[in-house]
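Please construct the entire structure, taking both the sequences and the accompanying hints into account.
Sequence order for the protein chains is Y and G.
All letters in the first sequence, in the order written, are residues 1 to 589 by UniProt numbering.
All letters in the second sequence, in the order written, are residues 1 to 589 by UniProt numbering.
Derived by calculation from the structure, the hints in this document are not laboratory data.
Every value quoted in this text rests on a predicted model; they were computed, and no experiment measured them.
Hints may be right or wrong, so weigh each one.
A pair holds if it fits inside one copy or across any two, identical chains being indistinguishable in the list.
[Unchecked claim] Calculated pairs, EDC-like style, for lysine to aspartate or glutamate (alpha carbon to alpha carbon, straight line, at most 16 angstroms): (1) K316 <-> E587; (2) K316 <-> D167; (3) K178 <-> E252; (4) K176 <-> D216; (5) K237 <-> D204; (6) K65 <-> D504; (7) K178 <-> E62; (8) K481 <-> E468; (9) K176 <-> E165; (10) K180 <-> D269; (11) K530 <-> D9; (12) K178 <-> D167; (13) K178 <-> D266; (14) K180 <-> D216; (15) K78 <-> E62; (16) K530 <-> D19; (17) K530 <-> E468; (18) K145 <-> E96; (19) K530 <-> E463.
2 protein chains.
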Amino acid sequence: MSYLHPYQDVDFVLRKVVDFDALCAAAGHDEINADLAATILSEAGRLGSEVLAPLNRVGDREGAKMGAQGVEESPGFKDAYRQFADAGWLSLTVAEDFGGQDLPNCLGTAVNEIWHSANMAFALCPMLSQGAMEAIGHHADDALKALYLPKLATGEWTGTMNITEADAGSDLAAIKTKAKPAGDHYLITGQKLYITWGDHGMTDNIVHLVLARLPDAPPGVKGISLFIVPKFLLDAKGEPGERNAVNCLSLEHKLGIHASPTCLMDFTDAVGFLVGEPNNGLAYMFTMMNHARQSVGLQGLAISERAYQEALQYAKDRLQGTRRDGSRIPIIEFPDVRRMLMTMKSCIEAMRVLALVAAAEADRALYATDPAVAARHFARLELYTPIVKGWLTELAQELTSLGIQIDGGMGYVEEAGAAQHYRDARILPIYEGTTGIQALDFVGRKMLANHGETLLALLTEMEQTAAELRSTPYRYGSVVKAFEAAVAAGTRARQSLLDGAAADRHLAGSASVNFLMLFGYLCGGWLMVKSAQQAQTMLDAGEGDPQLLTAKLTTTRFFCEHLLPRTGACLASVLAGSESTMALTVEQL
Amino acid sequence: MSYLHPYQDVDFVLRKVVDFDALCAAAGHDEINADLAATILSEAGRLGSEVLAPLNRVGDREGAKMGAQGVEESPGFKDAYRQFADAGWLSLTVAEDFGGQDLPNCLGTAVNEIWHSANMAFALCPMLSQGAMEAIGHHADDALKALYLPKLATGEWTGTMNITEADAGSDLAAIKTKAKPAGDHYLITGQKLYITWGDHGMTDNIVHLVLARLPDAPPGVKGISLFIVPKFLLDAKGEPGERNAVNCLSLEHKLGIHASPTCLMDFTDAVGFLVGEPNNGLAYMFTMMNHARQSVGLQGLAISERAYQEALQYAKDRLQGTRRDGSRIPIIEFPDVRRMLMTMKSCIEAMRVLALVAAAEADRALYATDPAVAARHFARLELYTPIVKGWLTELAQELTSLGIQIDGGMGYVEEAGAAQHYRDARILPIYEGTTGIQALDFVGRKMLANHGETLLALLTEMEQTAAELRSTPYRYGSVVKAFEAAVAAGTRARQSLLDGAAADRHLAGSASVNFLMLFGYLCGGWLMVKSAQQAQTMLDAGEGDPQLLTAKLTTTRFFCEHLLPRTGACLASVLAGSESTMALTVEQL
Chain Y
1 MSYLHPYQDV DFVLRKVVDF DALCAAAGHD EINADLAATI LSEAGRLGSE VLAPLNRVGD
61 REGAKMGAQG VEESPGFKDA YRQFADAGWL SLTVAEDFGG QDLPNCLGTA VNEIWHSANM
121 AFALCPMLSQ GAMEAIGHHA DDALKALYLP KLATGEWTGT MNITEADAGS DLAAIKTKAK
181 PAGDHYLITG QKLYITWGDH GMTDNIVHLV LARLPDAPPG VKGISLFIVP KFLLDAKGEP
241 GERNAVNCLS LEHKLGIHAS PTCLMDFTDA VGFLVGEPNN GLAYMFTMMN HARQSVGLQG
301 LAISERAYQE ALQYAKDRLQ GTRRDGSRIP IIEFPDVRRM LMTMKSCIEA MRVLALVAAA
361 EADRALYATD PAVAARHFAR LELYTPIVKG WLTELAQELT SLGIQIDGGM GYVEEAGAAQ
421 HYRDARILPI YEGTTGIQAL DFVGRKMLAN HGETLLALLT EMEQTAAELR STPYRYGSVV
481 KAFEAAVAAG TRARQSLLDG AAADRHLAGS ASVNFLMLFG YLCGGWLMVK SAQQAQTMLD
541 AGEGDPQLLT AKLTTTRFFC EHLLPRTGAC LASVLAGSES TMALTVEQL
Chain G
1 MSYLHPYQDV DFVLRKVVDF DALCAAAGHD EINADLAATI LSEAGRLGSE VLAPLNRVGD
61 REGAKMGAQG VEESPGFKDA YRQFADAGWL SLTVAEDFGG QDLPNCLGTA VNEIWHSANM
121 AFALCPMLSQ GAMEAIGHHA DDALKALYLP KLATGEWTGT MNITEADAGS DLAAIKTKAK
181 PAGDHYLITG QKLYITWGDH GMTDNIVHLV LARLPDAPPG VKGISLFIVP KFLLDAKGEP
241 GERNAVNCLS LEHKLGIHAS PTCLMDFTDA VGFLVGEPNN GLAYMFTMMN HARQSVGLQG
301 LAISERAYQE ALQYAKDRLQ GTRRDGSRIP IIEFPDVRRM LMTMKSCIEA MRVLALVAAA
361 EADRALYATD PAVAARHFAR LELYTPIVKG WLTELAQELT SLGIQIDGGM GYVEEAGAAQ
421 HYRDARILPI YEGTTGIQAL DFVGRKMLAN HGETLLALLT EMEQTAAELR STPYRYGSVV
481 KAFEAAVAAG TRARQSLLDG AAADRHLAGS ASVNFLMLFG YLCGGWLMVK SAQQAQTMLD
541 AGEGDPQLLT AKLTTTRFFC EHLLPRTGAC LASVLAGSES TMALTVEQL
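In structure tokens form, the structure reads like this:
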């Protein structure tokens with residue numbers, strides 16, 4: 001149940017698909033390149049393997065619990081957090097002004113994969129801190145930034161996001177928490193549900209970001225404001241002083257991520273500070289959404305990678321059946337076990353290249369000097385976000401389940417570890433917006449709202465890739481055929497929604513998840529094909545490690561042959577329309 | 001989290017698709033008919049809802065545990081078991097000679113769905129007793145039958161199957177447990193793993209069926225014999241007396257089914273009695289396999305039904321979003337929630353009709369007076385078995401996962417109940433032969449071994465159904481089209497394996513699971529179409545409840561439109577062959 005960072009694949013993707021060096025050079029980051037990235041990833045990999053991964057089972061068995069003084073984290077977590085923070089990992093992508101290292105988002109993403117693979121429950125804590133830093137960094141005034149950002153960047157304090165309420169889950173319009181003006185601050189009152197790492201004893205302070213309503217706020221989502229509510233109020237020196245009226249009332253008893261405390265938070269006239277403008281909280285949430293949702297998608301990749309490593313080891317070790325010479329056979333030789341391992345491996349590679357390419361779009365949007373170029377990259381980032389969140393997390397369900405299946409009976413026994421990955425993974429398509437929410441975002445805001453233009457731009461690039469495959473002597477005809485069919489499926493699905501959504505008000509909603517999954521497989525397949533093109537070019541030039549590069553050709557082929565055909569089933573669902581989905585009365589269901 | 005037996009759908013399938021009355025009449029069971037079946041099911045449904053279902057959460061929270069005197073079952077289970085046994089439910093399908101009621105297997109199957117829905121961990125205990133009765137009833141001599149069968153049939157004692165060992169899971173050839181002759185009995189020594197309900201305190205005795213090797217046995221699967229090893233040896237009156245040397249050493253700490261003790265069993269010169277002929281144990285296991293595997297498939301249906309009922313209730317109750325008039329909207333109105341509910345409902349109906357039709361093939365094979373007819377039904381039974389086991393249990397993973405997804409954040413919280421179904425369900429594709437084992441059985445013994453003849457006979461019947469659809473004015477063109485495409489996919493997949501398996505030794509193994517799943521969807525779709533034909537006939541004749549019958553038309557349509565297209569993805573995988581699956585070296589994986 002050890003973990004090793006798959007640095008070779010990450011390195012390949014950063015260098016050859018993301019084109020990391022060019023990305024950094026264009027931004028004037030001359031000192032940052034893929035070699036530096038490799039060094040950073042290697043350092044992170046060591047911490048992940050040696051410190052965080054060994055605590056993963058411990059945290060599952062002995063989850064966070066309520067103590068007399070608040071939440072007590074799992075054994076060993078406080079020390080691990082200190083090592084993590086002391087090494088500066090919280091500040092990787094933070095601006096230099098606030099003590100950060102200002103490294104590209106795509107490198108931060110590659111690094112974060114490690115934390116989530118090693119110990120997803122632990123990694124949720126810095127992930128939430130990153131979200132808080134982003135919200136404060138983008139929207140708070142300079143005084144609040146100066147007070148809170150540096151301590152979050154060093155990891156001395158952690159951050160949380162307080163959004164959901166009992167009657168306001170996917171529906172943020174229903175938020176009821178109140179904020180009453182009181183001089184230079186506000187008094188926040190209400191309860192927040194499902195607050196990840198809402199309390200713990202690992203740091204001196206916790207910085208809660210809270211959505212609440214001002215007294216004069218308009219109803220619905222246009223009346224929500226964002227507040228900073230620290231666990232301990234800061235004294236004149238900016239150090240934690242008086243205890244604020246924010247408390248964790250109880251913890252959820254969850255299927256997985258036991259070490260990540262999921263808190264019911266109570267605010268009773270807690271002192272809070274307004275971030276940005278009143279009634280603009282939802283917009284601020286949206287600016288953080290690309291990063292937060294891509295982070296959860298990344299968790300889907302990371303936990304699948306961890307499950308794969310476990311299953312691969314088991315498949316090598318487990319003997320079943322006997323050869324004629326009396327020697328026993330490791331199950332890794334059985335074709336159906338290979339099918340499962342190859343499904344895991346090829347999907348993981350597709351997930352990884354998509355996660356990193358999507359993360360790099362944020363960098364490209366930020367670094368671009370031409371506003372039109374920046375806008376194009378931002379639109380692509382926006383388009384990718386629900387795919388990364390939705391597809392990677394749904395796929396993680398299948399892959400962690402295969403991890404159990406490869407282990408056979410042992411997979412169902414908790415001590416083996418596969419079951420924990422499966423349980424931990426199940427939250428991913430739910431939090432930070434369910435798959436259904438991602439799919440509506442994809443179909444609505446990202447597709448129909450711009451008449452499918454940004455999606456058409458993506459499909460056009462895919463067509464170009466298909467044309468390249470056709471015009472060069474590519475090794476595998478099956479790849480070309482499967483990829484072309486998948487692009488055609490995506491094109492047809494897009495057109496059918498553009499044509500049909502206006503006339504059928506249920507079409508977008510009922511087709512959305514299949515539509516999203518279709519584009520998940522298609523984007524994954526496309527970027528695998530692009531990876532294979534690079535691998536082939538390197539092989540032809542005699543560059544690189546031929547074992548790795550031919551493996552990439554094979555995983556691409558496997559993905560195209562065995563996973564891309566699922567786009568056909570998704571398309572059929574989209575084309576079927578909403579009639580049979582919506583036809584039954586509630587009583588008939 | 002209550003449970004109600006979906007008696008209307010079961011009644012429809014038994015009357016209209018299984019043709020239960022004709023089946024019973026042909027067997028000379030004039031007193032048994034669908035009306036009697038309805039009465040029996042209603043009685044079982046009451047016990048399931050009122051006694052077993054309320055213990056499902058209790059058993060999950062307070063699972064079976066090791067005590068000083070052996071395994072202690074979950075609170076309330078002993079009393080529930082007594083009610084269950086006292087009502088005669090163990091003896092439903094047992095021969096009259098041994099105190100049974102000799103009812104058809106398909107009715108027993110319909111009843112068993114209830115126990116598994118209500119409390120799967122509990123229901124495993126009588127399920128194992130049924131297996132033990134079948135083994136003893138078919139293969140033991142009259143003296144052993146007289147000693148053990150009546151007490152198992154009343155439920156005074158329970159039965160277990162002791163097959164797996166640490167190094168002999170899917171590979172039974174590796175079984176090492178020894179049986180030493182000692183006069184009229186044998187002394188059994190060895191350890192058995194994953195023994196379901198291997199020990200408990202609910203009954204006076206436990207009858208273990210144990211696979212072991214005689215001293216002179218040939219190696220491999222041809223040297224395995226079957227023994228009865230009672231927990232307490234029987235005295236001269238046939239009552240439990242001296243304690244036998246069989247003990248549970250420990251329990252597995254499992255992902256789910258916590259109330260079902262999964263035992264490591266130790267036999268140290270335990271007294272055992274040979275069942276049937278020496279070295280014939282594997283053949284005896286095979287005769288039980290159809291029933292045992294179909295029972296596990298049935299569990300997949302049953303737990304999906306339970307998960308559906310929970311999710312449906314949640315979707316009705318949970319409010320999110322607000323209408324213009326200020327009223328809030330239950331999420332059941334959202335198209336994507338409908339998509340998930342309809343996926344669950346339509347798949348569950350397809351699973352149920354397949355499970356009952358397959359179970360009826362066992363009755364038809366048994367009741368047929370013409371040996372050729374009996375052989376035909378037995379071949380169909382054999383063909384269905386791996387599909388029922390493989391497809392229903394794999395589908396149960398997706399459906400119980402949808403049960404969580406519909407609940408959103410609440411689904412990840414254990415108290416809501418959805419998570420338990422998801423955890424419980426995960427064992428189903430593993431025990432009683434993994435999905436991979438089912439798929440190899442399907443492709444090898446059930447298909448290639450007879451040159452695809454039995455599968456061709458099934459496909460021919462499906463073609464006839466398609467022809468019927470074409471020649472009658474059927475309401476939904478999309479159903480006809482999707483069903484025809486799926487039949488064509490099945491036909492092509494069959495031919496491609498028949499053509500390719502000889503030349504490519506990895507083809508059958510690497511394609512097998514996709515091949516099995518293809519036929520799962522296809523069989524489910526076919527029987528849904530046949531159900532819809534019956535429903536349409538009734539509607540045209542003004543018979544039956546139009547709400548139910550039109551719902552059946554809609555679920556059939558949904559299944560054909562949204563689930564049958566998956567056969568295309570399965571076919572593509574089968575046609576891709578084994579090359580990319582097997583190409584990587586172990587080091588490249």
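Comparing the hints with the structure gives:
Proximity of K316 and E587 under a CA criterion of 16 angstroms is satisfied inter-copy only: 10 angstroms between copies versus 52 angstroms inside one chain copy. Only between protomers do K316 and D167 lie at most 16 angstroms apart by alpha-carbon distance; the minimum there is 15 angstroms, versus 49 angstroms within a single protomer. Within a single copy, K178 and E252 get their C-alpha atoms no closer than 24 angstroms, and across copies no closer than 49 angstroms, so neither meets the 16 angstroms cut-off. When the C-alpha separation of K176 and D216 is checked against a cutoff of 16 angstroms, the pair qualifies only within one copy, where the shortest distance is 13 angstroms, while the shortest distance between copies is 78 angstroms.
Proximity of K237 to D204 under the C-alpha cut-off of 16 angstroms is restricted to the intra-copy arrangement: shortest distance 14 angstroms within a copy versus 74 angstroms between copies. Proximity of K65 to D504 under the C-alpha cut-off of 16 angstroms is found in neither arrangement, the shortest distances being 49 angstroms within a copy and 56 angstroms between copies. Proximity of K178 and E62 under a CA criterion of 16 angstroms is satisfied in neither setting, with 35 angstroms inside one chain copy and 41 angstroms between copies. In this assembly of identical chains, the alpha carbons of K481 and E468 lie at most 16 angstroms apart only when taken from the same copy (13 angstroms versus 35 angstroms across copies).
In the homo-oligomer, the alpha carbons of K176 and E165 lie at most 16 angstroms apart inside one protomer (8 angstroms), although the nearest pairing across protomers, at 58 angstroms, exceeds that limit. Taking CA atoms no more than 16 angstroms apart as the test, K180 paired with D269 passes inside one copy only; the shortest distance there is 8 angstroms, against 78 angstroms between copies. In this assembly of identical chains, K530 and D9 lie within 16 angstroms of each other by CA distance solely inside one copy; the values are 14 angstroms within and 50 angstroms between copies. Taking identical chains as interchangeable, the C-alpha atoms of K178 and D167 lie at most 16 angstroms apart only when both belong to the same chain, with a minimum of 15 angstroms there against 62 angstroms between chains.
In the homo-oligomer, the alpha carbons of K178 and D266 lie at most 16 angstroms apart inside one protomer (12 angstroms), although the nearest pairing across protomers, at 63 angstroms, exceeds that limit. Proximity of K180 and D216 under a CA criterion of 16 angstroms is satisfied intra-copy only: 10 angstroms inside one chain copy versus 87 angstroms between copies. Within a single copy, K78 and E62 get their C-alpha atoms as close as 14 angstroms, which meets the 16 angstroms cut-off; across copies the closest is 31 angstroms, which misses it. In this assembly of identical chains, the alpha carbons of K530 and D19 lie at most 16 angstroms apart only when taken from the same copy (12 angstroms versus 56 angstroms across copies).
In the homo-oligomer, the alpha carbons of K530 and E468 lie at most 16 angstroms apart inside one protomer (10 angstroms), although the nearest pairing across protomers, at 48 angstroms, exceeds that limit. Taking the closest pair of Cα atoms, K145 and E96 come within 16 angstroms of each other only inside a single copy of the chain (13 angstroms); across copies the shortest separation is 82 angstroms, beyond that limit. Taking the shortest alpha-carbon separations for K530 and E463, only the intra-copy value of 12 angstroms comes in at or below 16 angstroms, while the best inter-copy value is 42 angstroms.
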